[in-house]
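**Student:** Residue numbers (the working numbering), protein chains in the order written: chain A, 24 to 298; chain B, 24 to 298.
Hints are computed from structural coordinates only; laboratory data are not their basis.
Derived pair list, reagent style DSS-like, types lysine-lysine, alpha-carbon separation capped at 27 Å:
no.	chain 1	residue 1	chain 2	residue 2
1	B	Lys134	A	Lys49
2	B	Lys34	B	Lys107
3	A	Lys34	A	Lys158
4	B	Lys49	A	Lys133
5	A	Lys247	A	Lys297
6	B	Lys133	A	Lys50
7	B	Lys53	A	Lys133
8	A	Lys160	A	Lys100
9	B	Lys134	B	Lys107
10	A	Lys49	B	Lys158
11	A	Lys134	B	Lys100
12	A	Lys99	B	Lys49
13	B	Lys160	A	Lys49
14	A	Lys100	B	Lys134
15	A	Lys36	A	Lys107
16	B	Lys160	B	Lys134
17	A	Lys99	B	Lys99
Protein chains: 2
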Amino acid sequence: MNKKQLFDHIKSKKSFLCVGLDPDLKKIPKHLLETEDPIFEFNKAIIDATLPYAIAYKPNIAFYESLGIHGWQALKKTIEYIPKEVFTIADAKRGDIGNTSYKYAETFFKKMSFDAITLSPYMGQDSIIPFLDYKDKWAILLASTSNIGALDFQELMIENSGGQKVYQKVIEISSQWGSDQNLMYVVGATRVSTLNHIRKIIPDHFLLIPGIGAQGGDLDVVCKYAMNNSGGLIINSARNIIYANNTVDFAHHAGLAAAQLQAQMAAAIIKYEKW
Amino acid sequence: MNKKQLFDHIKSKKSFLCVGLDPDLKKIPKHLLETEDPIFEFNKAIIDATLPYAIAYKPNIAFYESLGIHGWQALKKTIEYIPKEVFTIADAKRGDIGNTSYKYAETFFKKMSFDAITLSPYMGQDSIIPFLDYKDKWAILLASTSNIGALDFQELMIENSGGQKVYQKVIEISSQWGSDQNLMYVVGATRVSTLNHIRKIIPDHFLLIPGIGAQGGDLDVVCKYAMNNSGGLIINSARNIIYANNTVDFAHHAGLAAAQLQAQMAAAIIKYEKW
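Work out the full structure, taking the sequences as your base and the hints as a guide.
**Tutor:** Structure (structure tokens):
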């Protein structure tokens with residue numbers, strides 16, 4: 024999917040919402056455990072209920088990988104089930120030397136036809152380039168993450184950089200490897216103070232923002248500081264939507280939670296819209 | 024496996040050799056493609072031939088993941104085939120927020136019983152802790168990697184740190200999260216100048232050293248600077264061993280290549296031994 028298609032979808036749904044598909048057998052409604060493929064049944068119901076409000080889905084690969092072969096099968100079925108106009112992100116946080124990264128790109132872009140994959144920037148340019156070689160596919164680099172551990176290294180100040188922190192340097196340098204047509208960045212919603220700094224370095228790139236809801240981020244503030252003239256935001260919510268309710272009505276409640284977030288997004292678009 | 028068991032194995036084999044099991048269907052001998060499980064058959068033959076000389080095996084997960092379900096099956100069979108006294112490393116370079124990292128730990132330590140996993144430090148402490156909660160399992164953090172992209176971020180100088188670079192700060196800070204009994208670090212053999220610095224920060228930890236051979240590192244120099252009084256080294260070689268030859272005799276040649284490296288290690292142990 025290219026940037027224009029993604030933006031058109033955002034405009035038509037008045038939504039930046041990405042639903043995190045992180046299914047856990049210990050947390051999904053009990054009645055699903057009796058079905059042949061509980062993970063896929065759960066995802067399918069969540070997708071059906073949230074599709075009017077969501078422009079993207081983001082399965083975190085750990086949740087599938089931990090289930091072994093059945094998990095990978097459920098992941099593949101899930102991705103095939105999501106309509107083509109919806110943006111799909113493999114939240115994999117991969118990154119390895121060049122010949123290995125090519126293998127990861129093949130897995131997620133060719134074998135499973137995801138639109139995007141999240142990557143760790145630590146190993147530098149040659150670990151990212153293999154993902155940028157695919158037309159209309161996206162590499163989403165970790166920049167400033169939403170967890171407490173983000174403070175350990177991402178916030179270290181770089182010498183002789185005019186006051187830049189590691190995550191800013193990561194964005195500044197890596198944004199030269201591709202363009203706003205194939206690179207995005209993960210910026211936690213809990214780090215709102217960083218959004219302003221980031222928009223000065225990359226005004227045009229999309230940001231993937233986790234941490235709304237369960238992790239405490241504020242949607243309105245994120246939109247205020249980070250929306251740009253091509254949308255510029257994909258805001259992820261997982262637990263607050265997919266585990267909104269644990270009964271046979273779970274999908275209905277997931278839909279309500281997604282609708283509520285989408286309504287907040289539509290309001291923020293009216294308030295801060297720049298396109 | 025605990026540190027003493029690993030060291031005993033090193034002493035008994037006079038070897039630090041880790042064989043990288045990175046099988047590629049395009050590179051393995053053609054006759055194996057006719058077998059039911061070419062990847063496992065390849066690995067099995069390589070393991071049989073190199074076991075007298077190797078103290079560890081390190082499958083890079085990308086090579087298995089890219090083959091889908093068959094790849095995961097081959098990986099599981101491979102790990103089960105490796106004798107228990109041999110150290111096994113899942114080269115996965117994972118790392119995610121806490122609840123997700125727990126899933127990855129479960130996958131590689133419980134479902135597949137690896138002894139160790141490689142991790143990216145970018146997301147900080149809570150992304151690593153879930154792996155340290157397992158007794159006699161190891162987290163191996165990327166510090167100074169062997170690829171050219173290592174220069175992009177790992178070598179940036181941190182302000183007011185007494186001249187420390189990012190990778191040194193990563194080691195200094197993260198080494199407080201665990202101990203030399205459950206943490207190791209990846210340090211590329213192509214970055215020999217870094218080994219001296221690193222040994223001043225962590226004299227007792229094991230280092231996993233890739234980049235010998237195909238990537239140009241020098242074994243003798245690595246041993247000189249980084250061996251410590253409990254061995255302290257696991258030196259990985261993949262392509263130079265597993266693709267030493269491409270005929271029906273591939274395993275024999277892999278064994279010869281491994282034997283040659285082990286002989287160099289035995290010589291280096293005599294020269295620099297500190298135990």
